[in-house]
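Produce the entire structure from the sequences given, and follow the hints as far as they go.
Here are the chains, one letter per residue:
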Amino acid sequence: MYYILPGILRKPWLLAASYFFYMCWRPEYVLLILFSTVATYAAGLVIERFPKGKKAALAAVIIMNLAVLFFFKYFDFALSNLNSVLAKLHLQAVSKPFDLLLPVGISFYTFQSLGYSIDVYRGNIKAEKNFLDYALFVSFFPQLVAGPIERSGSLLKQVKESGKKRLWNYDGIVSGLGLMLWGYFMKMCIADRVSILVDTIYTNVHAIGTVEALAAAAGFSLQIYADFAGYSAIAIGAARMMGFSLMENFNAPYFAQSISEFWHRWHISLSTWFRDYVYIPLGGNRKGRIRKYFNLMVTFLTSGLWHGASWCYVFWGGLHGMYQVAGDLLKPAREKILDLFKTDREAFSFKAGRCIITCLLTGFAWIFFRAGSMSLAFRFIKRMFTRFNPWVIFDESIFGWGLDRREMGILIFGVLLMFAVSVVREVKKTDIGIFMMKQNLWFRWLVYIFLITAVVVWGEYGADFDSAQFIYFDF
Amino acid sequence: MKKAVRVICFITLCFLWLSAVYGVLRWKDTHGDYISSVTELKYTPDDTVDVVFVGSSHVYAGIYPSYMWSDWGISAFNVSISGMDRDSAYYYMKHMFKTQSPKVAVVDMFALSFDKHEHIGNVYRNYLSLPLSKDTLPQLKAYAAKDESVSANIYDYVVRWPIIHTRYRELTRYDFDLDAPNYFARGEYLNWESMPTWLYRPDEASPKMFLSDQEKWLDDLRSLCAENNCELVFMSLPFHSYEDEQQYIDHAVVYADEYEIPIFDFNRMTDELAIDPETDFFDETHVNALGAKKLSRFMAEWLDNTYDLPDHRGEAGYEQWDLDLKYYEHRRDGDAMAGSYDMYEFLPMMLRLDDTVSILNIYNDNEEYDPQKYEILTEYGLTEDDLMRGGIWVLKDQVIYRAGDEPYLEDLDKYSTLRIENGTIMINRGIYSKEHPGLSVTVYDRFLNRLICYKEF
Numbered sequence: 001m002y003y004i005l006p007g008i009l010r011k012p013w014l015l016a017a018s019y020f021f022y023m024c025w026r027p028e029y030v031l032l033i034l035f036s037t038v039a040t041y042a043a044g045l046v047i048e049r050f051p052k053g054k055k056a057a058l059a060a061v062i063i064m065n066l067a068v069l070f071f072f073k074y075f076d077f078a079l080s081n082l083n084s085v086l087a088k089l090h091l092q093a094v095s096k097p098f099d100l101l102l103p104v105g106i107s108f109y110t111f112q113s114l115g116y117s118i119d120v121y122r123g124n125i126k127a128e129k130n131f132l133d134y135a136l137f138v139s140f141f142p143q144l145v146a147g148p149i150e151r152s153g154s155l156l157k158q159v160k161e162s163g164k165k166r167l168w169n170y171d172g173i174v175s176g177l178g179l180m181l182w183g184y185f186m187k188m189c190i191a192d193r194v195s196i197l198v199d200t201i202y203t204n205v206h207a208i209g210t211v212e213a214l215a216a217a218a219g220f221s222l223q224i225y226a227d228f229a230g231y232s233a234i235a236i237g238a239a240r241m242m243g244f245s246l247m248e249n250f251n252a253p254y255f256a257q258s259i260s261e262f263w264h265r266w267h268i269s270l271s272t273w274f275r276d277y278v279y280i281p282l283g284g285n286r287k288g289r290i291r292k293y294f295n296l297m298v299t300f301l302t303s304g305l306w307h308g309a310s311w312c313y314v315f316w317g318g319l320h321g322m323y324q325v326a327g328d329l330l331k332p333a334r335e336k337i338l339d340l341f342k343t344d345r346e347a348f349s350f351k352a353g354r355c356i357i358t359c360l361l362t363g364f365a366w367i368f369f370r371a372g373s374m375s376l377a378f379r380f381i382k383r384m385f386t387r388f389n390p391w392v393i394f395d396e397s398i399f400g401w402g403l404d405r406r407e408m409g410i411l412i413f414g415v416l417l418m419f420a421v422s423v424v425r426e427v428k429k430t431d432i433g434i435f436m437m438k439q440n441l442w443f444r445w446l447v448y449i450f451l452i453t454a455v456v457v458w459g460e461y462g463a464d465f466d467s468a469q470f471i472y473f474d475f
Numbered sequence: 001m002k003k004a005v006r007v008i009c010f011i012t013l014c015f016l017w018l019s020a021v022y023g024v025l026r027w028k029d030t031h032g033d034y035i036s037s038v039t040e041l042k043y044t045p046d047d048t049v050d051v052v053f054v055g056s057s058h059v060y061a062g063i064y065p066s067y068m069w070s071d072w073g074i075s076a077f078n079v080s081i082s083g084m085d086r087d088s089a090y091y092y093m094k095h096m097f098k099t100q101s102p103k104v105a106v107v108d109m110f111a112l113s114f115d116k117h118e119h120i121g122n123v124y125r126n127y128l129s130l131p132l133s134k135d136t137l138p139q140l141k142a143y144a145a146k147d148e149s150v151s152a153n154i155y156d157y158v159v160r161w162p163i164i165h166t167r168y169r170e171l172t173r174y175d176f177d178l179d180a181p182n183y184f185a186r187g188e189y190l191n192w193e194s195m196p197t198w199l200y201r202p203d204e205a206s207p208k209m210f211l212s213d214q215e216k217w218l219d220d221l222r223s224l225c226a227e228n229n230c231e232l233v234f235m236s237l238p239f240h241s242y243e244d245e246q247q248y249i250d251h252a253v254v255y256a257d258e259y260e261i262p263i264f265d266f267n268r269m270t271d272e273l274a275i276d277p278e279t280d281f282f283d284e285t286h287v288n289a290l291g292a293k294k295l296s297r298f299m300a301e302w303l304d305n306t307y308d309l310p311d312h313r314g315e316a317g318y319e320q321w322d323l324d325l326k327y328y329e330h331r332r333d334g335d336a337m338a339g340s341y342d343m344y345e346f347l348p349m350m351l352r353l354d355d356t357v358s359i360l361n362i363y364n365d366n367e368e369y370d371p372q373k374y375e376i377l378t379e380y381g382l383t384e385d386d387l388m389r390g391g392i393w394v395l396k397d398q399v400i401y402r403a404g405d406e407p408y409l410e411d412l413d414k415y416s417t418l419r420i421e422n423g424t425i426m427i428n429r430g431i432y433s434k435e436h437p438g439l440s441v442t443v444y445d446r447f448l449n450r451l452i453c454y455k456e457f
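In order, the protein sequences belong to chains A and B.
For the first sequence, the working numbering assigns the number 1 to the initial residue and increments by one for each residue that follows.
For the second sequence, the working numbering assigns the number 1 to the initial residue and increments by one for each residue that follows.
Rather than coming from a laboratory, the hints here were simulated on the basis of the structure.
We put the CB at the ideal spot given by N, CA and C, even for glycine.
Just so you know, not all the hints are guaranteed correct.
Which bits of chain A does chain B cover? Going by a derived footprint, with three or more residues having C-beta under 8 angstroms, they are [unchecked claim]:
1) 143-154
2) 387-395
In silico lysine-lysine, DSSO-like type, Cα no more than 30 angstroms apart, as pairs [said to hold, decoys possible]:
3) B:Lys2 - A:Lys331
4) A:Lys382 - B:Lys414
5) A:Lys336 - B:Lys396
6) A:Lys382 - B:Lys396
7) B:Lys373 - A:Lys351
8) A:Lys342 - B:Lys396
9) B:Lys42 - B:Lys2
10) B:Lys396 - A:Lys351
11) B:Lys414 - A:Lys342
12) A:Lys336 - B:Lys293
Every beta carbon over 12 angstroms from chain A, so not counted as near; a handful from chain B, in silico [stated by the list, open to error]:
13) Asp33
14) Ile35
15) Lys98
16) Ser129
17) Ile163
18) Tyr168
19) Leu171
20) Glu193
21) Asn229
22) Pro277
23) Glu345
24) Ile376
25) Glu410
26) Lys455
Structure follows, in structure tokens:
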């Protein structure tokens, strides 16, 4: 439809499609996205037109948007914490006045529209006059529910131009489809498969030992990457097919050699959002070491809270902050030790070692992200370090945790493929969709046909499976 | 110099690592519950064993040192292994004398009846269990003279890696973490099963002359015991023997008489000891716990009367014999509980056994449920209201308490955890909840590290 419509109707069509997409979940929650859109649209105009009142206008729009976000996402969390305090003071608990369902994508579109308001306030962009264009920027369906969190300077500009430019772009469509196909493979063949193992282990933490805990920790590291990067690939591919270029969200994050580099490669649209709109405004690293550490901790704790209304997410964010602070503090000692042992920093083994350590640190932090409660996370960690049981690998009882030998084989194959694609990403500096476009026809077709077959045959869907939704839809 | 240090460090690291890997892969008695009398001996304090029994599976099935300990305080120990051959018996005794100074060594004569092993498993048992020492090669050479399969690969048995390296395919928990009895058991194999057998008991003795090195073996045993100031006794435990096997034992009797060595041929003493082939065996050739009790008590009484052995009960350094007795009692009671279907017999046994956690589950969601049937539980602390309402209770250290609405988690031992949540009872991933009206009892023995039984009444 998008391709056959005349240019003037494409944007209204996309907007209608985006709103329809959002309303498919819960029609009444469309009011929330509409509210956020109208508020930030109006604020942009006010900020631009009334320079003296722009600070107040920005503050107002931020408070309004965050209030909505708080109400729907954090109210229950705040109430349960309040009741915990009241219980300690032997006071009566406040009963829950209503049940709220977290609106899909609220954290994403709220941050995207707030980013726009701040950009207008800073004078980085002009306020958008065309409401329909702006509404489409906020609600663009491929990235509406789980990002990438786009910047107004990029997506809004593309929205404005989308009605004018030549639409048909064979390479864009094919590479977009290729990227989407890869995204489906990551989600359906890897993420959903490994989630069976991870879920079984996490629901039986009382019965696990070191090996199962390590398997679940490594499994979740893979799951969340394959799940979220898979979603991002689908979103970017879908947008590319329609001529939109969304920002890169993942860049082989498990090849990072430090936690700080990890955040340059993981959920890039969110980490750069926090960098530009939280860390740098707080002073970044320009106000001394102590302040830098404080800013880092604030940024990562906030990032943790953004992910979910639970102390687990806050702790997860805090852990990443602490990793970076500790890494910075220990740098001189680390360098001394490396000098002492005459370590070649350019050697492959050294870099690989750093990658492995970074993976271990992020994998450990993911435990808190996945556990759902702090007590479960600590029980899990206790099992990891106190019930050493390597024999489960040899007697094959590890295959009794949801993935039998065959399913594990498919998973390992998928992970190796994902590793190979990451290597391509690292070496060629391009995504798999574009890389494939540059390959010979026979190879391209072979890969596409294989991926299609893998998704339809090995994909976790249909009668025998309880397909999981994308993890980041919960945020 | 720096390079030399580097090389030494590398070699040390390699050695430590390979030693650790060897510890995991080394030969273990996989068909013998991963329990080895050599390992048990290793953990026995020096010079604490007063009586040692040496021999094949007949010995570990027929002699329970726990019986000798419980009533006489005799510190007995079985150095025994499946199909122990003559060379093996000699070198196992030699190995034992390195750390122990027993007053009496009682050696099983079954080894007289065969020269070489029929199963490779028994070759491994006999020649890979002992730690490497200067005796390893002589022991192997002595046996290899009778067994070509060993003589062709004798150095594989010395180096061991060529044989054991493929064990990575069969590693289990006990390769990484020895089963607890290895640290305290005294060499017996406990078994309460029963299988009728038939015993060859000719009226007249018909000694058969030794054809091989049997006589030399008996001479060597005499010399070894004499060197170590140890009295030598021969015995042959009851088993389903063939004619020639019995004839060799008859000849051993002649030999023993010549050198004034006490000898007990239990195949010919079954009436005296009231050993019943119908009830006292767990297979054709091995007595069960009932048979072992008769044999062990007889031997204990005779040894005590003959050698005036000291009573070590309560003495420091002999705690392993106490643990061994406790192990025997737990196995015995666990076996009895597993075989009991009478609630009135079962529940007192359950209460008596220490170091256990019992979970009682009354499921009453049905009209068929009759609380009066379980009135006996009021003696254990449950109220009549409890019986009406049903629920889950945990009985531990003689104290019973109801598992409430909150999830209940308890580590039962190093590798097992009890979880009670939403009416579901789990031990690790096994579910032990009652699904039909009535009472179920799950008993976990923390001393044995195993679930003893799940019973429904």
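*Check the non-interface label on B:Ser129: least C-beta distance to chain A beyond 12 angstroms or not.*
holds, 21 angstroms
_According to the definition I'm using, a residue is off the interface if its beta carbon is farther than 12 angstroms from all beta carbons of the partner; does B:Ile35 meet that for chain A?_
holds, 17 angstroms
*Compute the least Cβ-Cβ separation between B:Glu345 and chain A, then decide whether it is above 12 angstroms.*
holds, 32 angstroms
*Holds or violated: are the alpha carbons of B:Lys373 and A:Lys351 at most 30 angstroms from each other?*
Violated: B:Lys373 and A:Lys351 sit about 71 angstroms apart, past 30 angstroms.
_Would the hint linking B:Lys396 and A:Lys351 be met if the CA-CA limit is 30 angstroms?_
violated, 54 angstroms
*Looking at B:Lys98 again, its CB stays over 12 angstroms from all of chain A?*
holds, 32 angstroms
*Distance restraint between A:Lys336 and B:Lys293, which requires alpha-carbon spacing of 30 angstroms or less*: Measuring from Cα to Cα gives roughly 69 angstroms; hence the hint is violated.
*Is the Cβ of B:Tyr168 farther than 12 angstroms from every Cβ of chain A?*
Not fine: 6 angstroms to the nearest Cβ puts B:Tyr168 too close to chain A.
*Find the nearest Cβ of chain A to the Cβ of B:Ile376 and say whether that gap is larger than 12 angstroms.*
holds, 31 angstroms
*Count residues of the segment 387-395 of chain A with a Cβ under 8 angstroms from any Cβ of chain B, then say if the count reaches three.*
holds (count 7)
*asked:* Would the non-interface assignment of B:Asn229 survive a Cβ cutoff of 12 angstroms against chain A?
replied: The assertion about B:Asn229 holds, with a minimum of 44 angstroms to chain A.
*Cβ contact check, 8 angstroms cutoff: the segment 143-154 of chain A against chain B, three residues minimum*: Coverage by chain B is violated here, the residue count being 0 at a Cβ distance below 8 angstroms.
Comparing the model with each earlier hint shows violations of hints 1, 5, 7, 8, 9, 10, 11, 12, 18, 19, 25; every other hint is respected.
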